[in-house]
Every structure is written in C-alpha cells, then in structure tokens.
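The sequence shown begins at 1 in UniProt numbering and counts up by one.
It cannot be assumed that every hint is accurate.
As the list claims (entries may be wrong) - Here are the simulated SDA-like cross-link-like pairs (lysine to any residue), alpha carbons at most 25 Å apart as the crow flies:
| # | residue 1 | residue 2 |
| --- | --- | --- |
| 1 | Lys281 | Arg226 |
| 2 | Lys150 | Ala113 |
| 3 | Lys139 | Arg172 |
| 4 | Lys173 | Arg226 |
| 5 | Lys139 | Arg267 |
| 6 | Lys139 | Leu119 |
| 7 | Lys184 | Ser200 |
| 8 | Lys270 | Asp246 |
| 9 | Lys270 | Phe414 |
| 10 | Lys139 | Ala60 |
Rather than coming from a laboratory, the hints here were simulated on the basis of the structure.
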Amino acid sequence: MDAFFASVEQLTRPTLRGRPVLVGGLGGRGVVAGASYESRVFGARSAMPMHQARRLVGAAAVVLPPRGVVYGLASRRVFETVRARVPVLEQLSFDEAFGEPDVLIGASPGEVAEFCQQLRADVAAVTGLVASVGAGSGKQIAKIASGLAKPDGIKIVAHDEERALLDDLPVRKLWGIGPVAEDKLHKLGIDTVGGFAALSDTEVANILGPTVGPALHRLARGIDDRPVAENAPAKQISAESTFPEDLTTLRQLRDAAGPIGEHAHRRLLKDGRGARTVTVKLKKSDMSTLTRSATLPYATTDAGTLIATAHRLLLDPVDIGPVRLVGVGFSGLSDIQQESLFPDLEAATTEELTSVGPSSPAPPQPGPVGPAWRIGDDVSHTEFGHGWVQGAGHGVMTVRFESRATGPGPARTFRDDDPALSRANPVDSLDWPDYVEEMTGAES
C-alpha cells in the first residue's frame, strides 16, 4: 500500500488530498509514523523526528495523530479484497504482504502484469486506496520490485532481469542487511549487492557470521526458495534499551522510557492491532529485574494513552536502586480497538508487579488533565454530521465536516463546549456502514 497511514487520512478527510500530510506523535519527541507523497518531496519520511519533518515541509504541513482503529479496519478490508484473488498471504505489516497465487505458475511477465493490474483495480474499487505491486521469482525480488513500483505502479522482474537488477543495488537494499552489516561491508569496500554476491561463502561467513551470512549471500545471488506462508500473529510487541550509565533519577527514567515506548508504538502500528496491556521492565544495576503491568479497559493504539500508562508504571530509582535497562511492551493484542476519548484521565484498571529484588512503592499518580479537544479528533454534530477538528484553542474549535464519501466538506467554528458537538467513532470517517456492521457483528 502506498503511504498507507497518510493515504487513509486523505481518503477519509478529502480536504487533505494533494496536501503534505504527516501522521505521528505531536509532542516534542514525536516521530513520523507515515508521510504522504506530497510531504516526501520535501524530504520527510517515516521514522523521522516530527519536528524535523515539520521543518522540512514548512507551514503547509498537516500534522495528525495516528488513528490506529481506522488503519486497522482499512487494512483488513484491503487484504480481504486481495485474498479473493490470492488466498494465501504472508502479511508483513498493516500495509504489506507476500502472495504466491497458483494461477501464475508458469505465467509470462505479461500475464503477471495483467494479474497485478487487476489486483490493484480491485483494491482501488473496494477501498479507494492505492496499491503498488512488485513481482519476481522469490520474496527478495518481489519486495525490491514493489519498492521500485511505488508510487501507484507495477514492477515485474523477469528471470533474465534479476541478476542485473540485484548487482547494481546498494547493499543495504538487500532484505536483511541492517546498518551494522552494511557498515562491516562498506569497510571492506563492498557497496553493492553484486559486490556482496561475488564473495566466497567462507568470506561471507567470516564477515557476517556462519548462520546469517550464508542466508544473505544466497539472496544476493538471486537464490530465494522461501515459501509464502501465513504468519502466526505476535503475542507481544516491545522495545528495550540498555544504557551506558545507570539511571539514578525518576526524571532520567521518564526521559528514557518515552523514546522506547514510541519505538514499541511504531511497531504496534505496523502490526495493525491495538493493545490492552502495557508492561514496563526495569533491570537494575545488580541485574535483578522488576516488571510492572497495567491493563486498560479496551485495546487501543493511541500513543498518548499507552506511553502515559508506561510512565505511570515507572519506579523511582531513589527507592529501588540504579536502573541499567528499560523496556516497554504491549500485549493483549486485538483487532477490536477503541479510540481513547479522555486519555489523560484514564488510569489502568489492573496493575501487577513482579520482581526479583526489593518491594516497590505505589505507582505515580496521573498527570494533569490535557485539553478537551485536539487537532485530528473525530467529531459528530447534531446538524452537520461527521467531521474532524482542524484547530482548537482559546475556547473555540474549527471542525471540517467530511468523510470518505462526501468529498471536501465545509468548515465551521464553534465554542469547544457546544452541546451540539460530541466525540465520534473514528471509523465512521470511512463511511463503510455495512462493512463496519458486518465486522462488529462477526467479532462481538
């Protein structure tokens, strides 16, 4: 899917079509979860600090918080549409999957292109979203081809084209080569996939290890016989970091937990499900470990709710001793999500503490209450219907009334306590009432 998060925002909020949209955290440490192609021309991209992306795009940037429940429903409908033609999918994330349709066994490149074009047309007709498709003899080639197909295209790599395509690519383009492996290869003067493929098996094993090295070497030579298989969904998504110096104050711990929680949250968004349970892991300087968990009343992908819950679970190093590792994990994963209505007021309903070491004090209390409305919130008005908040502050708010089916809609300004306004279900912006009812009925 092309620029999936931003494309869903442009689909459901038609005024944003053609504008540079950035989806992600709005705070000082916020990170871009998705960037529209209109923002990418300025250099903005996913995983970039939001403040940097905003500076690159300038005043035209439209910055919105993620709406995981909307992306999840859109993702589900996309892949249900794809499964009508490709029954077995190996889904990598919210917006990407491998398929190996039986009807293409022995097909010519022209027949593959025709199949891919029809697949893209199906997705566009059902969802209104744009998919790009890459095809090749194995997963590696197909993934590279899909990147070359973007935006809004198809790239078919025939067997006799694979070697030339791979050889000239930067070595980092090889799926599985990360920054550490790339640095090792660069130091040896190996910058391309072709240069990597030219190494001997022994050289590769010495550089990248006896397990990972040979597997990547096979991919570099175009040998990829990995089958497409349905993935078992992950039970937990987490991130953690060990610090060169122990953390000795609660302020240091909070500063450390924020980026770690944001990293885990980005992985959660990619997964496509919401989380009910937040777990914080603290490893102390004596190597003993404390874990604390809190369970919310519903699954959510709201970064503010999840990371605020993680912060509430932290323990003061003054009380427990210096901390050398911090981890944040999300579990209780579910496709059925609810957007947080009052994230700053919501405290966890169930808390658990497990430890190897001393007992712990009571958790910190929630912080101050935030503003009632924020930019990007979904709104319902008794007269104008569904809309979203374009601006809020000083007791007033501007709402744009539109959804996927309406086209660009009018904007109105109200007092932020206007009784005609209420919070709306974000999925209503997709304007798929029959599909939403079908999904809700199937899962209730």
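Evaluation of the provided hints:
1. Taken as a hint, the Lys281 and Arg226 pair is broken in the structure, with Cα atoms around 35 Å apart against an allowance of 25 Å.
2. With a C-alpha separation of about 15 Å, the suggested pairing of Lys150 with Ala113 holds against the 25 Å cut-off.
3. For the given pair, Lys139 sits about 16 Å from Arg172 by alpha-carbon distance, which is consistent with the 25 Å threshold.
4. With a CA separation close to 18 Å, the supplied pair Lys173 and Arg226 stays within the 25 Å bound.
5. Between Lys139 and Arg267, the direct Cα distance comes to roughly 22 Å. Compliance with the 25 Å bound is thereby established for this hinted pair.
6. At most 25 Å may separate the alpha-carbon atoms for a hinted pair to count; Lys139 and Leu119 meet this at roughly 18 Å.
7. A C-alpha spacing of about 16 Å is found between Lys184 and Ser200, which places the hinted pair at or below 25 Å, so the restraint holds.
8. With a C-alpha separation of about 31 Å, the suggested pairing of Lys270 with Asp246 is violated against the 25 Å cut-off.
9. Restraint check for Lys270 and Phe414: the C-alpha separation of about 35 Å exceeds 25 Å, so the hint is violated.
10. Taken as a hint, the Lys139 and Ala60 pair is broken in the structure, with Cα atoms around 38 Å apart against an allowance of 25 Å.
The structure does not agree with the numbered hints 1, 8, 9, 10 stated previously, though it agrees with the rest.
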